[in-house]
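In the numbering used here, the protein residues as written are 20 to 380.
No lab work stands behind these hints, which were simulated from the structure alone. Among these hints, one or two may not hold up.
Stated by the list, open to error - Straight-line distance between alpha carbons at most 16 Å, and here's what the computed EDC-like set of lysine to aspartate or glutamate pairs gives:
# : residue 1 : residue 2
1 : K330      : D302
2 : K330      : D348
3 : K330      : E351
4 : K330      : E306
5 : K330      : D248
6 : K330      : E94
7 : K330      : E147
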Amino acid sequence: MQGRLRSVINRVQESSEAMREGVIMLDSSGNLDWWNSAAQRLLELEPHHDRGQHLTNYLRDPHFIEYFRGNDYREPLTLASPIRDNMMLEVQITLFGDNERLIVIRDITRLHRLEMMRRDFVANVSHELRTPLTVLAGYLETWLDHRDNLPERLVRGLTQMEAQTDRMQRLVSDLLTLARLETADRHDSDRPISIAALCHQAVIDGEALAGGSHHFHTDIEDDRWFYGDEQELASALSNLVYNAVRYTPEGSTITLRYQPWEGGDGALSVIDDGDGIEPQHLDRLTERFYRIDKSRSLASGGTGLGLAIVKHVLFRHDARLEIESTPGDGAEFRCILPAARLSPATTGTALSEPSNARLRD
20 MQGRLRSVIN RVQESSEAMR EGVIMLDSSG NLDWWNSAAQ RLLELEPHHD
70 RGQHLTNYLR DPHFIEYFRG NDYREPLTLA SPIRDNMMLE VQITLFGDNE
120 RLIVIRDITR LHRLEMMRRD FVANVSHELR TPLTVLAGYL ETWLDHRDNL
170 PERLVRGLTQ MEAQTDRMQR LVSDLLTLAR LETADRHDSD RPISIAALCH
220 QAVIDGEALA GGSHHFHTDI EDDRWFYGDE QELASALSNL VYNAVRYTPE
270 GSTITLRYQP WEGGDGALSV IDDGDGIEPQ HLDRLTERFY RIDKSRSLAS
320 GGTGLGLAIV KHVLFRHDAR LEIESTPGDG AEFRCILPAA RLSPATTGTA
370 LSEPSNARLR D
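All chains should be built: construct the whole structure from the sequences, respecting the hints.
This is the structure:
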């Protein structure tokens, strides 16, 4: 029996040695217990010196320490190598046994560089497109100001050109917004924003877009302040409201709701009573340019980037987006705001509207 167990252990160790990824086992206190050759190479561990040392002695990045202590390992963490410049690592932790941890470390330097090249390409192309689109839009507007003196067929063509130019300008604007969100540092210190005021402005923007075709309702159960970047948060909430307007039939009701959530978090939701979304689409809605119905999206004037922007803004504020929908029974886009960034509405100073501003039902 012992020989069979020893054979199994040897096979596991041999398999781990063959892996390109670094594998580390920690005891219940977070101390190094065992690692393979790849982990030894990636972190420059010494077998006779480092065993029994705490992992945070070698991975001292504050983001990793927060990740390690948070015990929320649903997503991997990307961080710079502690020993080599220009090397990026991806760390995934799995809990097992008696609070022991299995850690897998990957060298993702090449993928990181490719991603940076993609971001730079998109940002540079978007910047280059801005000027010619602005010139084109200006001339089209000038010509259409004199439409009464132009042939009807020419006016029709210029009107279509103006609509497509406007759509391209919005697309470029959204691409630049995404590029900025991806490359800018996350917020460590932010100012308080009234959630009621944020919803109030989103309703105003939504009504302007809807032009009377939709009904808006608000339900603020617990007015709070949220610490973050006002412009980014307003953009995220407006994108959710715009989507609700664009993808629901005329006469639909759109509700902005804020309520306390689990663990002291808050839930800021945009709810509609439209046609709903099929389950197979829900996990992909935040992908760039993903469209449930391409023809309908183009007709509505959407760029396909709104929910990607929302996802990035929430990530930068330690928040997350949850989507629930039943076909034929509307949809709810719920922003889960972390308790650490929330405070009672009686403290601080509003950036947009007074904290007692009541939203229109």
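Tested hints:
1. K330 - D302: Answer holds: K330 to D302 is near 12 Å, not above 16 Å.
2. K330 - D348: violated (24 Å)
3. K330 - E351: holds (15 Å)
4. K330 - E306: Holds, at about 9 Å.
5. K330 - D248: Judged against 16 Å, a Cα distance of about 15 Å means the pair holds.
6. K330 - E94: It holds: about 15 Å lies between the C-alpha atoms, which stays within 16 Å.
7. K330 - E147: violated (26 Å)
Checked against the numbered hints above, the structure breaks hints 2, 7 and satisfies the rest.
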